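So the sequences go chain by chain: G and U. Residues in the first sequence are numbered consecutively from 1, following the UniProt record's numbering. Residues in the second sequence are numbered consecutively from 1, following the UniProt record's numbering.
Note that these hints are calculated values from the structure, not bench results. Since the model is a prediction, treat every value here as computed from it, not as a measurement. Misleading hints may appear alongside valid ones.
Unchecked claim - Below are the BS3-like pairs computed for lysine-lysine, each with C-alpha atoms no more than 25 Å apart in a straight line: (1) G:Lys-346 x U:Lys-334; (2) G:Lys-363 x U:Lys-368; (3) U:Lys-80 x U:Lys-35; (4) U:Lys-89 x G:Lys-343; (5) G:Lys-363 x U:Lys-347; (6) U:Lys-172 x U:Lys-292; (7) G:Lys-346 x U:Lys-347; (8) G:Lys-389 x U:Lys-349; (9) G:Lys-40 x U:Lys-89; (10) G:Lys-365 x U:Lys-347; (11) G:Lys-43 x G:Lys-89; (12) U:Lys-91 x U:Lys-80; (13) U:Lys-347 x G:Lys-360; (14) G:Lys-389 x U:Lys-382; (15) G:Lys-382 x U:Lys-382; (16) G:Lys-236 x G:Lys-205; (17) G:Lys-381 x U:Lys-358; (18) G:Lys-389 x G:Lys-402; (19) U:Lys-349 x G:Lys-360; (20) U:Lys-349 x G:Lys-345; (21) G:Lys-402 x U:Lys-368; (22) U:Lys-292 x G:Lys-360; (23) U:Lys-302 x U:Lys-137; (24) U:Lys-171 x U:Lys-302; (25) U:Lys-334 x U:Lys-349; (26) G:Lys-400 x U:Lys-368; (27) G:Lys-216 x G:Lys-205; (28) U:Lys-137 x G:Lys-183; (29) G:Lys-40 x U:Lys-245; (30) U:Lys-171 x U:Lys-196; (31) U:Lys-302 x G:Lys-337; (32) G:Lys-232 x U:Lys-382; (33) G:Lys-362 x U:Lys-347; (34) G:Lys-232 x G:Lys-218; (35) U:Lys-368 x U:Lys-354; (36) U:Lys-35 x G:Lys-43.
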Amino acid sequence: MDNCEKEKRDEREKKHGGDTHKELEGYVGFANLPNQVYRKSVKRGFEFTLMVVGESGLGKSTLINSLFLTDLYSSEFPGPSHRIKKTVKVDTTQVMLKENGVQLKLTTTDTPGFGDAVDNSNCWQPIIDYIDNKYEDYLTAESRVNRTGIPDNRVHCCLYFIAPTGHGLKPLDVEFMKRLHDKVNIIPLIAKADTLTPEECRDFKKSILSEIAEHKIKIYEFPYCEDEEESKIQKKLRDRVPFAVVGSNRVIDSGGKKVRGRMYPWGVVEVENLEHNDFIALRNMLIRTHMQDLKDVTNNVHYENYRYGKLAPVQSDGKIKPGSLTKDPLTQMAEEKRDHDLKMKKMEAEMEQVFEMKVKEKKNKLKESEVDLQKRAEQMKKGLEQQQKELDDRWRQFEKEKQEWESANDRHKDILDSAKKEKKRLF
Amino acid sequence: MATTEVERTLNHLSRTLNLTGHVGFDSLPDQLVNKSVAQGFCFNILCVGETGIGKSTMMDTLFNTNFDSTPSSHDLQDVKLKSHTYDLKEKNVMLKMTIVDSQGFGDQLNKEDSWKAIVEYIDTQFDAYLQEELKIKRSIHNYQDRRLHACLYFIAPTGHSLKAIDLVTMKKLDSKVNVIPVIAKADTITKTELHKFKTKIMQELVTNGIKIYQFPTDDETVAETNTAMNGVLPFAIVGSNDEVKIGNKMVKARQYPWGTVQVENENHCDFVKLREMIIRTNMEDLRETTHKRHYELYRRHKLEEMGFSDSDAKSLSETYEIKRQQHVSDLQKKEEEMRQTFVIRVKEKEGELKDAEKDLHVRFDGLKKQHADEKRKLEDSKKRLEEEINAFNQRKVAAQQASTLGKKKK
Numbered sequence: 001m002d003n004c005e006k007e008k009r010d011e012r013e014k015k016h017g018g019d020t021h022k023e024l025e026g027y028v029g030f031a032n033l034p035n036q037v038y039r040k041s042v043k044r045g046f047e048f049t050l051m052v053v054g055e056s057g058l059g060k061s062t063l064i065n066s067l068f069l070t071d072l073y074s075s076e077f078p079g080p081s082h083r084i085k086k087t088v089k090v091d092t093t094q095v096m097l098k099e100n101g102v103q104l105k106l107t108t109t110d111t112p113g114f115g116d117a118v119d120n121s122n123c124w125q126p127i128i129d130y131i132d133n134k135y136e137d138y139l140t141a142e143s144r145v146n147r148t149g150i151p152d153n154r155v156h157c158c159l160y161f162i163a164p165t166g167h168g169l170k171p172l173d174v175e176f177m178k179r180l181h182d183k184v185n186i187i188p189l190i191a192k193a194d195t196l197t198p199e200e201c202r203d204f205k206k207s208i209l210s211e212i213a214e215h216k217i218k219i220y221e222f223p224y225c226e227d228e229e230e231s232k233i234q235k236k237l238r239d240r241v242p243f244a245v246v247g248s249n250r251v252i253d254s255g256g257k258k259v260r261g262r263m264y265p266w267g268v269v270e271v272e273n274l275e276h277n278d279f280i281a282l283r284n285m286l287i288r289t290h291m292q293d294l295k296d297v298t299n300n301v302h303y304e305n306y307r308y309g310k311l312a313p314v315q316s317d318g319k320i321k322p323g324s325l326t327k328d329p330l331t332q333m334a335e336e337k338r339d340h341d342l343k344m345k346k347m348e349a350e351m352e353q354v355f356e357m358k359v360k361e362k363k364n365k366l367k368e369s370e371v372d373l374q375k376r377a378e379q380m381k382k383g384l385e386q387q388q389k390e391l392d393d394r395w396r397q398f399e400k401e402k403q404e405w406e407s408a409n410d411r412h413k414d415i416l417d418s419a420k421k422e423k424k425r426l427f
Numbered sequence: 001m002a003t004t005e006v007e008r009t010l011n012h013l014s015r016t017l018n019l020t021g022h023v024g025f026d027s028l029p030d031q032l033v034n035k036s037v038a039q040g041f042c043f044n045i046l047c048v049g050e051t052g053i054g055k056s057t058m059m060d061t062l063f064n065t066n067f068d069s070t071p072s073s074h075d076l077q078d079v080k081l082k083s084h085t086y087d088l089k090e091k092n093v094m095l096k097m098t099i100v101d102s103q104g105f106g107d108q109l110n111k112e113d114s115w116k117a118i119v120e121y122i123d124t125q126f127d128a129y130l131q132e133e134l135k136i137k138r139s140i141h142n143y144q145d146r147r148l149h150a151c152l153y154f155i156a157p158t159g160h161s162l163k164a165i166d167l168v169t170m171k172k173l174d175s176k177v178n179v180i181p182v183i184a185k186a187d188t189i190t191k192t193e194l195h196k197f198k199t200k201i202m203q204e205l206v207t208n209g210i211k212i213y214q215f216p217t218d219d220e221t222v223a224e225t226n227t228a229m230n231g232v233l234p235f236a237i238v239g240s241n242d243e244v245k246i247g248n249k250m251v252k253a254r255q256y257p258w259g260t261v262q263v264e265n266e267n268h269c270d271f272v273k274l275r276e277m278i279i280r281t282n283m284e285d286l287r288e289t290t291h292k293r294h295y296e297l298y299r300r301h302k303l304e305e306m307g308f309s310d311s312d313a314k315s316l317s318e319t320y321e322i323k324r325q326q327h328v329s330d331l332q333k334k335e336e337e338m339r340q341t342f343v344i345r346v347k348e349k350e351g352e353l354k355d356a357e358k359d360l361h362v363r364f365d366g367l368k369k370q371h372a373d374e375k376r377k378l379e380d381s382k383k384r385l386e387e388e389i390n391a392f393n394q395r396k397v398a399a400q401q402a403s404t405l406g407k408k409k410k
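Extracted from the complex, chain U is given alone in its bound form (with noise of 0.2 Å):
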C-alpha cells in the first residue's frame, strides 16, 4: 500500500531539492553558448523603403562595412528583392549575414502591389524551411536559414505623417516579420518638427493597427532600457560612409556648409540607439520572434490549408498513414473507373458490331428464302411442263392409234 502512494507521488509531484554542494550545472548555458558559437550564428535582415532614401548607406554604417551595392535607379518596372550574404567576424563570433533590398519599392505609377514581392519573398522562405522540416530524411540543425528576421522600414523624412504607402505596406508585413520603422535621412529635420513627426507616426500606426516589434521587457537585465526605448520609436537615423575629422578622430558624418551631423552623437540622430537595440541587445530575440512567432503562423496556415487539424487527435505518422491510404484509394478508383467505362463501351461496340452482324444475315436469310421460293416455282413450271409434254404425247400417241384403226376400217 505504502509503495503504491509513494509511486504516485513519484510520478507526479515535481519537487524542489537543496544542492549540499557545488554540482555543476550551472555550466549549462556555457555549454550551449559554446555549442552556438562554435556553429556560427545567421541573421537576415530585410530593408523596405524608396529608392533614394538611404538603406544600403544605412547597412553599410550599421555594419561597419562597405556592402558593395549599385544603387539604382527610378525606373524599375516592378519591386524586385535582391539578396546578398556575408560572413562577418568580430572577436570570435561568427554572423552570416543576409541583406535583402527591396529595388524599385514605390517608383511605379501604381503602388498597389509594391509589397507583393515583398511578402511572396518572405513566405518562400518559410516555406523553404516548412519543407525542410517535413522532410523525412531530414538535417534541421544544419539547415542554413533564410527567414527573415529583421525588416527595417524606411519612412521618408516628410515632417508629416506616414503616406499611404507605407501603412499599406507595414500592415501587410506585420505579421510575417518584425516591422521596426525608421526616420531615414534625418538631418533634414529640426528637433520639434522630429518630435511631432514621431508622435503622428505612432499615431497612425496605432490607429491602422499596425504591430511594429516592440523590445522584450520581460529580461530584468536589459528590461529599463528597453522599455525606453520603445518610447523613442521611431528611430530617427542618418547613415555615412565618409569619415570627418572631428578633434583629433576621424568619425562617421555628414559635412554641410552649416555644420557636420555625426553618426554617432546621440544629440544629432538615433543611430546609435538602433545598432544597440538591434544588434547588441535584441538580435537573439528579433530571430526567436521570427521563429516562435512568425514561422509558427505560418506554419499553421500553411499546414491548415493542406488539410491537416489538430481534432483528430492523431499522432502525424498516423495522420501520414490515412492521407496516403487514401490517395492510393483514390488512385486506384480513378484506374477502376476508367477500367469501367471502358468495359461499358467494349460492351457497347461489340453489340452494335453485333446487330450489324444479326441485320445482314437476316437481308441474307430474307434473300436465300426468296431464291428457294423461285426455285420452287421453276421447279413447278417444270414439272408441268413435263406433265404437259406427257400429256401431250400421249394425246400424239392416241391420235396416232386412232388414225390407223380408222384407216384399217375403209
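Chain G with its partners taken away, still in its complex shape (with noise of 0.2 Å):
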C-alpha cells in the first residue's frame, strides 16, 4: 500500500514540479475570468471626462461632433466660441452613449474665453483650478468613512487645440501645456488641418515637437501594446503625432458615395480619409485602443501626485519629513507620539540631573559658610574668654594688693591710733 502511494506522489511530484508554479491536469474553468469582468464592466457601464482647449474659431465643436458621431454642440446646445464671456469660464456637458449595449456617460468640458482676451496671463487658472478641484471632489469621496460608489468626474483628457500658423507653438500654448502636464493627459492637435500641406504639415509638427522636448513637456505617450500585429499598426498611427485634424458637420456626396468632409472649389476634404488628416488617428488611438489608459494613467498618475501634493507632510524647513511617506499619516502620528515622548522622557532626566546638582552645590555652600560661621564664633568666644580670664587674674591681683595695702593701712592706723591713745594718756 505504501509504496503504492509513494509512486503515485512522485509521479505526481514530476508532472507538477514542486514550488509554486501549478500546472492544471484539465479543465478548471477561471479563465472564464475574463469574461466575467466584461460583462460586469458593460453592466457597469463606463464614464470618460474629455477637456477641450484651444482659442475660439479653432472647430473644436465640430472635431467633438465629428468624433463621437453626433451632435454634442448643435444650435440648441452652442459650442465655446458662442459663448464667450469677459472672463474664461469652465463649462461641462453631459451626454450618455450607447453603443452595440456598451453605454458611455461622457463629460465634455469646455473653455469659453481662452487665449481670447488681449491679456491672457493666467487664463489657464480656472482650468488649473477646475481639474484640481474635481481632484479635491475624488479625494474627499475616497476618504470619505461612508463611501457608497465614487463618482470619477475628474479630467481624464485635454485635447489642446493648435492654431495651424505654421510656424510653431505660441508662448500661450507653452505656458499651457506647462502648467497642465503634470496635471492631465494632454493631447495637442493641430486644429483646421486643411490649411498645411502636406510638408508644411509634417515640418511645423516637427517643429511643435522638438520645442515641446525643448520645454520638457510631457505630452500624453501612447502606451505600446502586447500584441505585435497591433504594436505595429499603433505604431504608424502614434508617429502622427500631434495629430492633424480636420472636422466637419456635414455629410458631403463625393465620387457617389457619402462622407463626412469641407467642400471646397478645388476639392473635398475628407475627415476620415487618413491621406487627407489624422483624424482617424485621433479617433482610433483616442477612443478605440486608449480610453481605457487614458482613465488609468489620470487615476494611477495624475491623481496620486494631487493626492501626494495634498497630504504629504510639509515641515518648516519646506522639506519632507524622510519616512513619512511610507506610512499613512496616523501611524506617523502615532510614532511621533512615541519619539516625543522619549524625548521627553531624556529631557525631564536631564533635567532632573541639572536640578540635583545645583542643589547639592547650593547645600555644600549653605554648609561651608555654616562652618565658617562656626568657626569665627568659635575664635571670638575663645577671644572673649581670654580676656575675661585676664580681666579676672587682675581683678584678683588688685583685690590681693588692695587687701594687703588695706591691712598693711590697717595695722598702721592701728598702731597710729593706739599711740596717739598713748599720748593721750601721757599727757
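Two chains, two separate frames, one set of hints: put the complex together.
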C-alpha cells in the first residue's frame, strides 16, 4: 500500500514539479474570468471626461461632433466659441451615448474665452482650478468613512488645439502645456489642418515636437501594445503625433459615396481619410484603443500626484520628513508621539540631573558658610574667654594688693591710733 | 438671456444622443479586460473545517492540481492558519491563487476561541489593504491583494444538523467574508438523507441569522443559473485525487467495493455545480463583494474607531491637518506642563534653601549679639576695675600724705 502511494506521489511530483507554479491537469474554468469582468463592466457602464481647450474658432465643437458622430454641440447647445464671456470659465456638458450595448457617459468640458482676451496671462488658472477641484472632490469622496460608489468626474484627457500657423507654438500654448502637463493627459492637436500642405504639416509637427521637448513638456504618450500585429498598426498612427485634424458637421456626396467632409471649389477634404488628415488616427487612438488607459493614467499618476501634494507633511523647512511617506498619517502621528515621549523623558532626566547638581552645590555652600561662621564664633568666644580670664586675674591681683595694702594700712592706722591714744594718756 | 438658460441646461441636464455611425467606444470593455488580463488576476480562498474533513483534497480536485499539502494531526493546541500562494495559468489567463487552510480547527477540547484566529487573519489582511490605501505615497493598483474572497466552510456529514461550533464560527465570519458552506464527504449520505440535511441546514442558518453568500441574480446572462443554484445550497461535495478508469476515460473517483463515486458526475455529488459557481461564473463577483461590502464595512469600523467621521463635512486633507495640529499642540502642551512642574519644583527648592540660609544667618546674628553683649560686660568690668584701681591709688596717695603730715606734727 505504502509503496503504491509513494509511487503515485512521485509521479505527480514529476508532473507538477513542486514550487509555486502549478500545471493544471484538466479543465478548471477560471479562463472565463475575463468574460466575467467583461459582463460586469458592461453592466456598470463607462464614464469619460474630455476637456477641450483652444482659442475660439479653431473648430473644437465640430471636431467633437465628428469624433462622436453625434450633435453634442448644436444650435440648441452651442459650442464654446458662441458662449464667450468676459472672463474665462469652465463649462461642462454631459451626454449619454450607447453603442452595441455599451453605455458611455461622456462629459465634455470646454473653456469659452480661453486665449481670446487681449491680456491672456493666467487664463489657464480657471482650468487648473477646475481640474484640481475635481481631484479634490474625488479625494474627499475616497476618504469618507461611508463611501458608496465614488463618482469619477476627474478630467481624463485634455485635447489642446493649436492654431495652424505653420510656424511653431505660441507662448500661450507653451505656458498652458507647461502648467498642465503634470495634472492631466494632454493630447495636442493641430486644428483646421486643411490649411496646411503635407510638407508644411510635416515641418510644423517637427517644430512643435522639438519645442515640446525643449520646454520639457510631457504630453500623453500612447503606450505600446503587447500584441505584435496591433503594435505595428499602432506605431504607424502614433508616429503622426501631434495629430493634424479636420472636423466636419456635414455629410457630403463625394464620388458616389457619402462622406463627412468639407467641400471646397478645388476638392473635398474627407475627414475620415488618413491621407487627408490624422482624424482617424486620433479617433482610433483616443476612443478605440486607449480610452481605458487614459483613465488609468489619470487615476494612477495624475491623481496620485495631486493626492501626494495634498497630504504630504511638509516641514517648516519646506522639505518632506524622510520616511513619512511610507506610512499613513495616523501611524505617523503615533510614531511621532512615541518619539516625543522619549524625548520628553530624556529632557526630564536631564533637567533632574541639573536640578540635583545645583541643589547639591547650594547645600554644600550653605554648609561651608555654616562651618565658617561657626569657626569664627568659636574664635570670638575664645578671644572673649581669654580676655575674661585676664581680667579676672587682674581683678584678683588688684584685690590682693588692695587687701594687703588695706590690712597694712589698717595695722598702720591701728598703730597710729594706739600711739595717739598713748600720747593722750600721758599728757 | 438665452445663453444663460442654455448654460443652465448645459450644466445640469444629461442628454441621451444617438450616434450616426460607428464611433468605436464599444471596445471599452475589451480595453478593460485586456488590461486586467495583462495584470493577472488573484483569488484568495479560505478553507475552514475540522481536521480530516477533506479540505486539502477538495482544493486539489477543484483546481485540478496537486497542492502538496501535508495532512495534519489532531493534537494541535490552537487554530493556526497557513497560507500558500500558487501561480496558475489556463489558456492565457494568469491567476495568483492563495489557499488558506485552518489547521487544528475543532480539535481542542474547548472550541470557544476557534474562530478567533480566523477572524484575526481576515482582519489583518483588511488592515494591510487599508494601510496601503491610507499611505501618502501609495501604489494601490500594484498592490498584491491578500484579502480573502471566499470561505469554504466544510460541514461534517452527520446527516442531522449543524454543530454548535459551525453556527458560532459562521456567524462570526458572515460579515467579514463570503461564506460558502459545503457538505464534505457527501458520499456517506444517501439522496433522501441529503435532501433532509440540506433543508435542515438552511433552516438553521436562517434561524440563526447567518448570511451566507448568495449568487448574484442581477445579471440577465447568469441570473437563471444563479437562482437555480441558490436553491441547491449548500453543495454536497466529494473530492478525490485518484483516477479510476470508467468506460474508456480516466476520471476522478473514489472506488468502493460497492461502486465508484465519480466526482464529476452530477448525479453523484454537487462538485461540478460548486466549480461552476465559484470559479467559472462568479469568481469576479466574489472578489467584488469582498471589496465593496466586507472591506468597506471593516474600513468604516476602523476609521470610526480612529475617530474619523463624515459629519464634519471636511475634506480628508483638512481632517488630517486638524488632527495633526491637534496632535502637535497636545505634544507641545505636554512639554509645557512638564516644564511648568519643573519650574515650580525649582522655586520651592530655592525657597527652602533660602529659608535655611536665613535661619543660619539669624542664628549667627543671635550669637553675634550675645558675643557683643558679653564683650560690653567685659568692657564694663574692665572700666570698673580701672576706676577702682584709680580710687585705690588715690586713697593710697591720700593715706600717704596723711601719714607724712601726722609725722610732721610730732
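Structure-based check of all given hints:
Our distance criterion of 25 Å between C-alpha atoms is met by Lys-346 of chain G and Lys-334 of chain U, whose separation comes to about 14 Å. Our distance criterion of 25 Å between C-alpha atoms is met by Lys-363 of chain G and Lys-368 of chain U, whose separation comes to about 23 Å. Between Lys-80 of chain U and Lys-35 of chain U the CA atoms are separated by roughly 37 Å; this puts the pair beyond 25 Å, and the hint is violated. At roughly 54 Å between alpha-carbon atoms, Lys-89 of chain U and Lys-343 of chain G are farther apart than 25 Å, so this suggested pair is violated.
Taken as a hint, the Lys-363 of chain G and Lys-347 of chain U pair is honoured in the structure, with Cα atoms around 15 Å apart against an allowance of 25 Å. Distance check on the hinted pair: Lys-172 of chain U and Lys-292 of chain U sit about 19 Å apart at the alpha-carbon level, within 25 Å; holds. Our distance criterion of 25 Å between C-alpha atoms is met by Lys-346 of chain G and Lys-347 of chain U, whose separation comes to about 22 Å. The straight-line distance between the Cα atoms of Lys-389 of chain G and Lys-349 of chain U is roughly 46 Å, outside the 25 Å bound, and the hint therefore fails.
Distance hint between Lys-40 of chain G and Lys-89 of chain U is fulfilled; the C-alpha atoms sit about 22 Å from each other, no more than 25 Å. With a C-alpha separation of about 18 Å, the suggested pair Lys-365 of chain G and Lys-347 of chain U falls inside the 25 Å cut-off, and the hint holds. Pair hint Lys-43 of chain G plus Lys-89 of chain G does not hold up; C-alpha atoms about 35 Å apart against a cutoff of 25 Å. Of the pairs offered as hints, the one joining Lys-91 of chain U and Lys-80 of chain U is violated, with about 35 Å between alpha carbons and a cut-off of 25 Å exceeded.
Pair hint Lys-347 of chain U plus Lys-360 of chain G holds up; C-alpha atoms about 15 Å apart against a cutoff of 25 Å. The hinted pair formed by Lys-389 of chain G and Lys-382 of chain U meets the criterion: a straight-line CA distance of about 12 Å does not exceed 25 Å. For the proposed pair Lys-382 of chain G and Lys-382 of chain U, the alpha carbon gap of about 18 Å is at most 25 Å, so the pair holds. Restraint check: the Cα-Cα separation between Lys-236 of chain G and Lys-205 of chain G comes to about 15 Å, which is no more than 25 Å; the hinted pair holds.
A C-alpha spacing of about 22 Å is found between Lys-381 of chain G and Lys-358 of chain U, which places the hinted pair at or below 25 Å, so the restraint holds. For the proposed pair Lys-389 of chain G and Lys-402 of chain G, the alpha carbon gap of about 19 Å is at most 25 Å, so the pair holds. Taken as a hint, the Lys-349 of chain U and Lys-360 of chain G pair is honoured in the structure, with Cα atoms around 11 Å apart against an allowance of 25 Å. At roughly 22 Å between alpha-carbon atoms, Lys-349 of chain U and Lys-345 of chain G fall within 25 Å of each other, so this suggested pair holds.
Note on Lys-402 of chain G and Lys-368 of chain U: the hinted pairing is violated, with a Cα-Cα distance of about 36 Å set against a maximum of 25 Å. At most 25 Å may separate the alpha-carbon atoms for a hinted pair to count; Lys-292 of chain U and Lys-360 of chain G exceed this at roughly 67 Å. For a cut-off of 25 Å, the pair hint linking Lys-302 of chain U to Lys-137 of chain U stands: about 21 Å separates their Cα positions. Straight-line distance between C-alpha atoms of Lys-171 of chain U and Lys-302 of chain U comes to about 20 Å, which keeps the hinted pair within the 25 Å bound.
Pair hint Lys-334 of chain U plus Lys-349 of chain U holds up; C-alpha atoms about 23 Å apart against a cutoff of 25 Å. Between Lys-400 of chain G and Lys-368 of chain U the alpha-carbon distance is near 35 Å, which puts this suggested pair outside the 25 Å criterion. Simply put, Lys-216 of chain G and Lys-205 of chain G have alpha-carbon atoms about 16 Å apart, close enough for the 25 Å limit, and the pair holds. As the CA atoms of Lys-137 of chain U and Lys-183 of chain G are separated by approximately 17 Å, the hinted pair is consistent with the 25 Å bound.
For the suggested pair Lys-40 of chain G and Lys-245 of chain U, the alpha carbons sit about 40 Å apart, so the restraint of at most 25 Å is broken. Under the criterion of a C-alpha separation no larger than 25 Å, the hint pairing Lys-171 of chain U with Lys-196 of chain U is consistent with the structure, at around 22 Å. In summary, the hint linking Lys-302 of chain U to Lys-337 of chain G is supported, as the alpha carbons are separated by about 20 Å, within the 25 Å threshold. Distance restraint check for Lys-232 of chain G and Lys-382 of chain U: the Cα-Cα separation of roughly 133 Å exceeds the 25 Å cut-off, and the hinted pair is therefore not satisfied.
Proposed proximity of Lys-362 of chain G and Lys-347 of chain U is supported: the alpha carbons are some 14 Å apart, at most 25 Å. Our distance criterion of 25 Å between C-alpha atoms is met by Lys-232 of chain G and Lys-218 of chain G, whose separation comes to about 23 Å. In summary, the hint linking Lys-368 of chain U to Lys-354 of chain U is supported, as the alpha carbons are separated by about 21 Å, within the 25 Å threshold. Only pairs whose Cα atoms come within 25 Å are accepted, and Lys-35 of chain U paired with Lys-43 of chain G is accepted, the gap being roughly 18 Å.
Of the hints listed earlier, those the structure fails to meet are numbers 3, 4, 8, 11, 12, 21, 22, 26, 29 and 32, in rising order.
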